[in-house]
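First to last, the sequence lines map onto chains A and B. Sequential numbering from 1 applies to the first sequence in our numbering. Sequential numbering from 1 applies to the second sequence in our numbering.
Just so you know, these hints were derived from the structure itself, not from any lab. One should not assume that every hint holds.
Copies of the same chain look alike in the list, so a pair counts if it fits in one copy or across any two.
[Said to hold, decoys possible] Computed list of lysine-lysine pairs in DSS-like fashion (alpha-carbon distance at most 27 Å, straight line):
#1 K93 with K145
#2 K146 with K181
#3 K46 with K93
#4 K93 with K25
There are 2 protein chains.
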Amino acid sequence: MNLISLIQQRYSCRKFLPLPVEEEKIVQCIEAARLAPSACNAQPWKFVVVNEINLKQRLVDEATSGIYKFSKFISQAPVIIVVIADLPSFLSKVGSLIRDVRFYLLDIGIACEHIVLQATELGLGTCYVGWFSEKGVRKVLDIPKKYKIPLLICMGYPDGSYKNSDFIRRRAGSDTRKDLKEILSFNKFV
Amino acid sequence: MNLISLIQQRYSCRKFLPLPVEEEKIVQCIEAARLAPSACNAQPWKFVVVNEINLKQRLVDEATSGIYKFSKFISQAPVIIVVIADLPSFLSKVGSLIRDVRFYLLDIGIACEHIVLQATELGLGTCYVGWFSEKGVRKVLDIPKKYKIPLLICMGYPDGSYKNSDFIRRRAGSDTRKDLKEILSFNKFV
């Protein structure tokens, strides 16, 4: 499959079949992230894959408590990848300060999209989740405070019947995106 | 080509052939970015493609002045894509504040990697550039202050002779990345 088909096929999957995901496939996804470029080659990321059922339940309970209950759907996913921001390198940190851009977040976006696209190619569904209790996730996995936890990625075999519902088609389709002319211009800012 | 081959083939190209890039190919790359997922579907991005030679020279001069002269190599690229962060949506902004994660940077990382991977598939070389004078770029393109300019992406047909030099092979190869076991664990933080 060429890249644009892969990109078109990806959607935010919020309903999964009750099937485990082969660890080999999970490793393939993380390998894709491992090779991602990053500012000063800092590779400011770690991934904790949670697929043990009791731990996953504890993680979901803590991650989606209180104001984060909107993200309860993640309990369905057989795999939750906890995306951890490792301290960026000295050079990258100095650059971030001078330029006022947290490059490690750009880097993590890039690496996570490798995971998501690789998963799509392997027939897996994924969903980025940014709305969760970082404190809760930190507690369950005992993650030191010096690390940030910007994202979770849910992963599993998609429930196709849900994917094909009108709701999802509306959300996932390219018709929910801005027109090209709104985001692209040549040789001048518009 | 499958995704992992595309990812392996990508490298930070800093030497380009003096050939223009077809606008159709540039549009294909931006179309790949257009379809990228983003927090709350905010699509917080705009891309100004600079390929007009005089404008590009002015842009390079301003972007790489003073402490940013390390990035002078960008003058060789026939195309410079100026990546602009549009204001995130209200929901995404509230989420960013509560969670202390600037989601728009994750989003822009994702969208830009679509550009870079699409370019790779089309035989084009690219390089992310984060070290440049934002003030200078803002001045040349008259970009209002409410927008951030986190990145430039250089693009062009790669000078293959340079790519194959030892220097680049060392930098681009997977041997410059951390081992999988340093970044991946199952069901516990290590």
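Evaluated hints:
Taking the closest pair of Cα atoms, K93 and K145 come within 27 Å of each other both inside a single copy (18 Å) and across two copies (23 Å). When the C-alpha separation of K146 and K181 is checked against a cutoff of 27 Å, the pair qualifies only between copies, where the shortest distance is 20 Å, while the shortest distance within a copy is 42 Å. With identical chains, the CA atoms of K46 and K93 are at most 27 Å apart both within one copy (18 Å) and between copies (25 Å). In this assembly of identical chains, the alpha carbons of K93 and K25 never lie at most 27 Å apart, being 33 Å within a copy and 34 Å across copies at closest.
In summary, the one numbered hint that this structure violates is 4.
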